[in-house]
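Using the sequences plus the hints, can you model the full thing?
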Amino acid sequence: MEAAILQAGFDLLGDGRPETLWLGIGTLFMLMGTFYFLIKGWGVTDEEAREYYAITILVPGIASAAYLSMFFGIGLTEVEVAGRGMLDIYYARYADWLFTTPLLLLDLALLAKVDRVTIGTLIGVDALMIVTGLVGALSETMLARYTWWLISTISMIVVLYFLATSLRSAAKQRSEEVQSTFNTLTVLTLVLWTAYPILWIIGTEGAGVVGLGVETLAFMVLDVSAKVGFGLILLRSRAILGDTEAPEPSAAATAD
Amino acid sequence: MTDEPSEPVAVLNTYSVVGIAICAVLAAAALFSLPTLQTFGLSFGTAFWLTAGVELVTAFGIAYFVLNLHEERA
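Each protein sequence line maps, in turn, to chains Y and C. 1 is the number of the first residue of the first sequence in this note's numbering; add one for each residue after it. 1 is the number of the first residue of the second sequence in this note's numbering; add one for each residue after it.
Honestly, I wouldn't trust all of these hints.
Stated by the list, open to error - Taking beta-carbon pairs under 10 Å as the criterion, some of the chain C residues facing chain Y (in silico): (1) C23; (2) A24; (3) A29; (4) A30; (5) P35; (6) F40; (7) G45; (8) V54; (9) E55; (10) T58; (11) I62; (12) V66; (13) H70.
To be verified - Simulated coverage check for chain Y against chain C, where a stretch passes if three residues somewhere in it have a Cβ under 8 Å from a Cβ of chain C: (14) 51 to 60; (15) 93 to 101.
Because the hints were derived from the structure by calculation, they are not lab data. Quick caveat, the model's predicted, so the values are computed rather than measured. Every residue, glycine too, gets a C-beta built ideally from N, C-alpha and C.
In structure tokens, the structure reads:
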């Protein structure tokens, strides 16, 4: 029973990796999200809406490429960790996060309409969060891995604190529609992003409480929710329409 | 014909659109580039940080180009 849980998945490629089932499903979900946003955004003329669409289409677009590279084993490496032996590390996951998390934050910053210095600071701390997580993933002793995890988690707390305070108060100056969408997306981000370091620490790269199959499944669910789910909420909202189209019935509303 | 100053109109900045497209292609290609970089003699560490660097730079590039996606013209 325990072994079945730890090895959850199905080896689709026949290369001894049961987690390929979840990586394949992750690729499909990300591709579906990308094409849905692309079709929905085709022909949008509102200036602000175009900006949101450009960002939100690219997030699952690059994530689908990352999932595909992990599916085929390209985004995978092995790290020899003292006392733990050889660990499989899906490094493409981190490369994906380096690209996608700044853009998700940019979506929120555009909603809150904060200045460029605030955007730069937020994205800078976010980059620190991912890079330190990356160093942790490639470290060869558990002490180093946990230390980098701690630094990365502290950086994440700073990012989330920034979202819940500075950006939230800036968003309060905007319309009710924007405030509502911003609050929904911020809660989604706070909840989902908090789950990542928890999953990392109990997963194969940390304490090894759960196996690679369960870990990959959980990361896939988190990634799809944090990227495609985030995009669905944002792009279905009238909050993304700027002043040029705001009084008119929105394209999103009619499409729904 | 009137001499009244016309309202500035925001138009799509072609350079930003091209910039976004280039960044997106680079970011996607970088995710598959590590084995190729290693065949050129780069160690895993060097190839990996190069890939990570491309992802981060392209993300900043996208952010920059999106913030300049429109330009005002009279």
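Each hint, compared with the structure:
no.: 1; hint: C23; verdict: holds, 8 Å
no.: 2; hint: A24; verdict: holds, 6 Å
no.: 3; hint: A29; verdict: holds, 8 Å
no.: 4; hint: A30; verdict: holds, 7 Å
no.: 5; hint: P35; verdict: holds, 6 Å
no.: 6; hint: F40; verdict: violated, 16 Å
no.: 7; hint: G45; verdict: holds, 8 Å
no.: 8; hint: V54; verdict: holds, 8 Å
no.: 9; hint: E55; verdict: holds, 4 Å
no.: 10; hint: T58; verdict: holds, 6 Å
no.: 11; hint: I62; verdict: holds, 6 Å
no.: 12; hint: V66; verdict: holds, 5 Å
no.: 13; hint: H70; verdict: holds, 5 Å
no.: 14; hint: 51 to 60; verdict: holds (count 4)
no.: 15; hint: 93 to 101; verdict: holds (count 6)
Hint 6 alone, counting from the list given before, is not met by this structure.
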